[in-house]
Amino acid sequence: MTTAADTPHTVLIVEDEGLVRCDAAETLRDAGLDVLEAEDAEQALALVGGRSDIAVLFTDIDMPGDMNGLELARRVRRLHPDIRLLLTSGQMTPARGDLPADGGFIAKPYSPETMTRAVVRMLAWS
79 MTTAADTPHT VLIVEDEGLV RCDAAETLRD AGLDVLEAED AEQALALVGG RSDIAVLFTD
139 IDMPGDMNGL ELARRVRRLH PDIRLLLTSG QMTPARGDLP ADGGFIAKPY SPETMTRAVV
199 RMLAWS
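Sequential numbering from 79 applies to the sequence shown in this note's numbering.
Simulated from the structure, these hints should not be mistaken for laboratory data. Do not rely on the hints blindly, as some may be mistaken.
As the list claims (entries may be wrong) - DEER-style ranges, computed between Cβ atoms:
1. Asp-131 <-> Arg-199: 15 to 21 Å
2. Asp-160 <-> Leu-97: 26 to 32 Å
3. Gln-169 <-> Ser-130: 28 to 34 Å
4. Asp-180 <-> Asp-144: 23 to 29 Å
5. Asp-144 <-> Met-170: 30 to 36 Å
These figures come from a predicted structure and were not determined experimentally. Beta carbons: idealized from backbone N, C-alpha and C, even for Gly.
Please model the entire structure based on the sequences and the hints provided.
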């Protein structure tokens with residue numbers, strides 16, 4: 079499995095399903111990454127606004143509330159263009175033009191290895 083022990087960047091996971099969020103966070107922590115967690119877009123925006131160490135936003139597209147993951151990614155891109163964006167969904171595969179520039183996508187269900195590789199690849203671009 080790809081490790082990121084040398085990469086001190088922080089990943090913000092935004093996922094409304096608690097078990098999925100916890101599993102993803104544990105996997106990335108085991109790979110040596112610092113991880114923050116949010117259960118919705120509003121929490122994520124508050125974290126992004128209050129920290130300067132977030133390198134990757136890894137967000138589910140399908141979330142309850144007023145803002146889905148695509149809109150969250152667009153807002154984060156406008157406010158913090160240096161944060162890399164990785165999106166996921168088990169319901170849809172967005173068209174390339176729907177993703178923010180340089181944004182990545184992995185379909186659910188994903189393996190821990192697939193997710194870790196995708197996040198590490200995003201970190202390499204930052």
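Against the structure, the hints come out as follows:
1. For the pair Asp-131 and Arg-199, the beta carbons lie near 19 Å from each other, so the given range of 15 to 21 Å is met.
2. Asp-160 and Leu-97 have their C-beta atoms about 31 Å apart, which keeps the hinted 26 to 32 Å range intact.
3. Taking the beta carbon of each, Gln-169 and Ser-130 are about 33 Å apart, inside 28 to 34 Å as hinted.
4. The hint said 23 to 29 Å for the Cβ distance between Asp-180 and Asp-144, and at roughly 25 Å that hint holds.
5. The beta-carbon spacing between Asp-144 and Met-170, approximately 19 Å, falls outside the hinted interval of 30 to 36 Å.
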